[in-house]
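*Asks:* Sequence:
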Amino acid sequence: MQYALIFAGAALAHFAEAQGSKHGGCHGKHHSSVVTGTDEVAAVTAGSTPSAHAAWDPHHHPESWSATPSSSEKATSAAPSPSTYSSVVSISTTAPVSETSPSRVTPIPLVTSTSSAPTTLVTSASSAPNTLVNSTSRAPAPAPSSSSSSSAAAPSSHSSATSTSSTSAASSTGISKANLTPNGKKAGLSGFVGIQNKSGFSDLAPHMSWYSDYTANTPDAQDVMGVGMLWAAGGSACGSSETERLDTFNTLISSGVTPSIMFGFYEPDCDCPDSSEMSSTSAAIAWDSLIAPLAANGTVLGSPSMCKQKDEDFLTPFNAAISTTWDVTSIHINTPNVSEAQKDVEYYVEKYGQPVWVSEFACVNDHPTWAPCTEQSQVDSFINDVVAYFEGNDDVVAYGPSNGAGLGDVWPLTDSSGALTSSGQTYLNAIKGL
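Mind the numbering: the sequence shown is residues -18 to -1, 1 to 416 in mature numbering (1 follows the signal peptide of the UniProt record, and there is no 0), read in order.
No lab work stands behind these hints: they were computed from the structure.
All values derive from a computational prediction rather than experimental measurement.
Each statement offered as a hint is correct.
Here are the simulated distance ranges between beta carbons:
#, residue 1, residue 2, range
1, Tyr371, Ala203, 26 to 34 Å
2, Asn161, Gln204, 17 to 25 Å
3, Ser181, Thr356, 24 to 32 Å
4, Gly335, Ser181, 35 to 43 Å
5, Lys292, Thr356, 17 to 25 Å
6, Lys325, Gln358, 18 to 26 Å
In silico DSBU-like cross-links for lysine-lysine, where the CA-CA straight-line distance does not exceed 30 Å:
#, residue 1, residue 2
7, Lys333, Lys290
8, Lys292, Lys333
9, Lys325, Lys292
10, Lys333, Lys167
11, Lys290, Lys325
12, Lys414, Lys159
13, Lys159, Lys325
14, Lys414, Lys325
15, Lys290, Lys167
16, Lys159, Lys333
17, Lys292, Lys167
18, Lys290, Lys159
19, Lys167, Lys414
20, Lys159, Lys292
Just so you know, even glycine gets a beta-carbon here, dropped at the ideal spot from N, CA and C.
Based on the provided sequences and hints, a complete structural model is requested.
*Replies:* Right under this line is the structure:
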């Protein structure tokens, strides 16, 4: 049976990779060294180049970490994932039954294994949370229908033994649903696993409040809050990399940790391996099963981030399908100037009515083709202008630059040793004293 599951998972991964030719118009991406377990990823080397199809792709914007490069990138990109993990666990991708929910096509379920699922988190489908409603939520939808696999069910509400109050979470991190800016400081950084051990991080740390390494269990470091993300979940086409990330999330929650904030999912509107590639239906099921229950204990919920920026068409059907909406909208900005960045911010604020957390931004000529900015003067102006704009806009509660590969020779904030580059120094100067 175990071998059959492995072969089935491999077949799905092959299927997802084969879709590159079908869905390749979404975007191409960037990325750096692969990490395993607790190994530290090497800092991004300034001088990395975009993937092969980035030149014609208007939505190309490298941001995350992927386990396996796509067929078009294998010769040119290491394409690592946000981290690599251990066992395989998934949730049901059976759509919940609801009179108000749109008609859905049930996604292809992922291969599951229950041997390593945390026993305190994964329960039968009958115990799926169906009563959680925060201050911004709608009437909850019915739980997903039952499944023969115990690991295919949604987690039950987290017990008092595995949670802390929202007051406790806010007091230790300076973030709550009423105050979304960590410790009153907006500036942060989206980096990579192990960036907190680099000298560039140490230079920035006194002037920023948060950072992300694209994992669910990003550690706090040097008085900077680690912000967690469930990169993907059941229904993602990314195969084993998705299940490994989900296992890390499950382990975190079952250990008794109540995150102060949790984002999900990473660019589900674009293709694997560099984005999580989920349908709005499967993402909604995973959200209600895994992320929404955290709100009962005070966790701030961050929306899935979109790779298509203001051209996205994912969040509206996703929002209509979930029972508990998010507290803050996570957005990615890849533009050549502040006026275009402003358009992205305004789109999300007006469309979804929530404050925004700019979880990634970079200087990129994104239309008609993807082309990272190549002049240091343009990058410097962009950084200074957008930081000033973000700081002056009350709808922006936090922001942080991307530091992945594929963003050209000039943008990366750290070099191969982890020290600040000229662009990194510009960002440091821009946030000093804020």
